[in-house]
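Engineer: Note that the protein sequences, when read in sequence, are chains A and B. For the first sequence, full-length UniProt numbering gives the first residue as 1, with consecutive numbering after it. For the second sequence, full-length UniProt numbering gives the first residue as 1, with consecutive numbering after it.
Keep in mind that the hints were calculated from the coordinates and are not lab data. All values reported here derive from a predicted model rather than from experimental measurement. Relax, there's no trap hidden among the hints.
If several chains are the same, the list does not tell them apart, and a pair holds so long as it fits within one copy or across any two.
Below, in silico cross-link-like pairs of lysine to aspartate or glutamate (EDC-like), each with a Cα-Cα straight-line distance of 16 Å or less:
| id | residue 1 | residue 2 |
| --- | --- | --- |
| 1 | 328 | 196 |
| 2 | 274 | 77 |
| 3 | 328 | 268 |
| 4 | 124 | 109 |
| 5 | 299 | 231 |
| 6 | 124 | 108 |
| 7 | 299 | 239 |
2 protein chains.
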Amino acid sequence: MRWFHLCKLPGRVMGIRLLRLTSVVIIVLLLVAGALTALLPTIKDDKLPNSRREPKTQTQSALDSFTLIMQTYNRTDLLLKLLNHYQAIPHLHKVIVVWNNIGEKTPEEMWNSLGPHPVPVVFKVQTVNRMRNRLQNFPDLETKAVLMMDDDTLVSAHDLAFAFSVWQQFPEHIVGFVPRKHISTPSGVYSYGSFELQNPGFGNGDQYSMVLIGAAFFHSGYLEDFQQQPEAVHALIDETQNCDDIAMNFLVARHTGKPSGVFVKPVDIRNLEKDTNSGYPGMWHRAEHLLQRSYCVNKLVNIYDGMPLKYSNIMISQFGFPNYANHKNKM
Amino acid sequence: MRWFHLCKLPGRVMGIRLLRLTSVVIIVLLLVAGALTALLPTIKDDKLPNSRREPKTQTQSALDSFTLIMQTYNRTDLLLKLLNHYQAIPHLHKVIVVWNNIGEKTPEEMWNSLGPHPVPVVFKVQTVNRMRNRLQNFPDLETKAVLMMDDDTLVSAHDLAFAFSVWQQFPEHIVGFVPRKHISTPSGVYSYGSFELQNPGFGNGDQYSMVLIGAAFFHSGYLEDFQQQPEAVHALIDETQNCDDIAMNFLVARHTGKPSGVFVKPVDIRNLEKDTNSGYPGMWHRAEHLLQRSYCVNKLVNIYDGMPLKYSNIMISQFGFPNYANHKNKM
Chain A
1 MRWFHLCKLP GRVMGIRLLR LTSVVIIVLL LVAGALTALL PTIKDDKLPN
51 SRREPKTQTQ SALDSFTLIM QTYNRTDLLL KLLNHYQAIP HLHKVIVVWN
101 NIGEKTPEEM WNSLGPHPVP VVFKVQTVNR MRNRLQNFPD LETKAVLMMD
151 DDTLVSAHDL AFAFSVWQQF PEHIVGFVPR KHISTPSGVY SYGSFELQNP
201 GFGNGDQYSM VLIGAAFFHS GYLEDFQQQP EAVHALIDET QNCDDIAMNF
251 LVARHTGKPS GVFVKPVDIR NLEKDTNSGY PGMWHRAEHL LQRSYCVNKL
301 VNIYDGMPLK YSNIMISQFG FPNYANHKNK M
Chain B
1 MRWFHLCKLP GRVMGIRLLR LTSVVIIVLL LVAGALTALL PTIKDDKLPN
51 SRREPKTQTQ SALDSFTLIM QTYNRTDLLL KLLNHYQAIP HLHKVIVVWN
101 NIGEKTPEEM WNSLGPHPVP VVFKVQTVNR MRNRLQNFPD LETKAVLMMD
151 DDTLVSAHDL AFAFSVWQQF PEHIVGFVPR KHISTPSGVY SYGSFELQNP
201 GFGNGDQYSM VLIGAAFFHS GYLEDFQQQP EAVHALIDET QNCDDIAMNF
251 LVARHTGKPS GVFVKPVDIR NLEKDTNSGY PGMWHRAEHL LQRSYCVNKL
301 VNIYDGMPLK YSNIMISQFG FPNYANHKNK M
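Sequences and hints are given; from them, build the entire structure.
Structural biologist: What follows is the structure, given as structure tokens:
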């Protein structure tokens with residue numbers, strides 16, 4: 001009815017009013033269209049993958065290779081042994097040695113004099129001897145994948161090549177060789193341990209809820225993520241000089257909402273501790289080491305106001321290796 | 001400028017023209033908005049999952065349980081033995097027995113007389129003895145997961161419970177206990193086999209490109225998918241009375257673009273063939289059985305104009321079962 005009345009108005013006036021009305025309507029519709037466009041799916045940030053997608057096409061080596069990060073303290077003889085081994089691992093892009101021997105010269109000169117080497121090795125001199133130094137977001141990192149190794153751990157090339165291929169299928173997880181778990185107790189206090197602790201009660205067999213980063217592959221984006229964590233987390237790691245790996249598992253579990261790790265059963269993994277001339281026995285020999293780790297689990301639950309770790313019982317091995325018929329059954 | 005001229009027209013005429021114009025503009029904008037709305041991410045069809053998402057919330061049992069489909073021919077004694085075993089598997093929702101004994105009465109009466117039973121068992125009487133009868137999209141199916149078993153295969157409850165939990169993490173794959181592979185040859189002709197065939201050349205160890213459906217979990221949506229396949233595929237299976245499992249692996253590989261299967265190493269899997277009184281030895285004893293399967297691989301590549309199967313070397317076992325420390329290493 002109103003339109004009819006509008007028509008009776010003088011032409012110019014009605015024209016201008018209609019013009020305004022239509023302009024308003026058009027603007028509103030354009031805003032709606034704009035809002036809908038904003039809701040269209042956006043290209044997800046590749047930095048922290050959250051599904052089992054194929055990685056985006058970037059420089060071939062950035063996706064198909066990994067960076068070894070090895071922190072070292074007071075075991076330079078082991079370091080050099082291990083460097084000779086790891087420098088030749090397939091798909092290795094670069095080695096970053098985190099040099100925690102404060103004030104001491106790196107073996108860079110010696111390293112260069114014994115060149116050429118298959119891959120570049122970068123010595124990152126630290127100013128303070130901190131456990132979490134290895135979790136910096138190093139600018140030298142060019143690959144999506146990081147292989148983190150303790151400076152006393154030797155894993156065979158076969159195991160590493162296989163585990164890397166597994167990581168490529170589970171890029172959002174920590175894919176490694178050392179599983180651990182936490183246990184809930186009726187008091188609500190958590191405890192940390194391995195298979196000697198009772199099964200958390202999920203049926204047959206055992207479960208793990210963490211994969212330690214001292215022998216594991218994970219996405220380099222998690223280093224940046226770690227730097228963003230609450231100060232209390234960094235303080236905890238500094239206070240204990242321990243637990244950086246537990247913190248990383250909390251971080252990954254929170255990010256994915258799934259079990260943080262995927263356990264790959266190693267065929268050949270060795271601890272070279274006893275082979276060192278330095279006499280330095282390694283942190284895990286300290287009497288309080290395991291108690292500290294239980295302490296860390298509870299502190300982190302406090303900091304994050306919840307327990308994000310999830311259990312898994314998936315154990316991955318390589319089909320037909322080393323035993324060509326290792327999948328055979330007596331059927 | 002045009003607007004100015006429009007203003008000079010008699011009020012009513014200009015009003016109506018502007019009205020028409022604005023109506024057209026508004027309609028166009030609404031159409032654009034509608035198109036944008038249509039581009040918004042839609043809730044994906046749950047029927048054929050294509051990522052490692054958590055399943056949608058539906059009836060609890062539909063997601064947390066599976067349906068056993070067991071086709072049987074001339075081995076009713078084994079069938080009944082197996083039914084007593086499988087009827088008590090955790091998370092089993094229902095059993096569908098595909099009765100290929102044409103013209104013969106099912107053991108339903110006897111079955112009912114020996115009730116009650118833990119789960120319903122449905123006997124689907126067939127009119128023609130076809131290998132692919134078991135791949136019908138049975139209306140009795142209420143679960144997302146199917147467990148398909150040959151009528152001479154006994155898999156332990158532990159293995160099945162674990163493999164089901166693995167399937168829930170890989171719902172788009174065939175998760176099962178029997179891996180096989182295809183090999184390319186320089187002539188371009190494919191061959192079918194197991195570990196006795198040479199590794200396809202991917203480095204260490206062996207690879208598999210199929211998981212047989214005679215002892216495997218897969219998504220029930222693939223049954224509908226199978227019915228949609230080209231007539232030539234159905235004809236091939238009917239011609240050979242074989243290869244339905246190879247066809248399913250082709251189907252799944254084409255659907256996912258990934259290796260079709262995930263191999264779970266069984267702890268206790270047994271073939272009960274020799275225990276049958278029927279004297280019926282099973283199809284795979286026929287002299288031409290393996291040659292037929294190589295034939296099928298090449299035929300399917302022809303039909304689909306390409307080889308969709310992909311290799312995997314992932315072997316999954318249960319952490320800490322049956323040996324509580326089966327993940328231990330000598331580190």
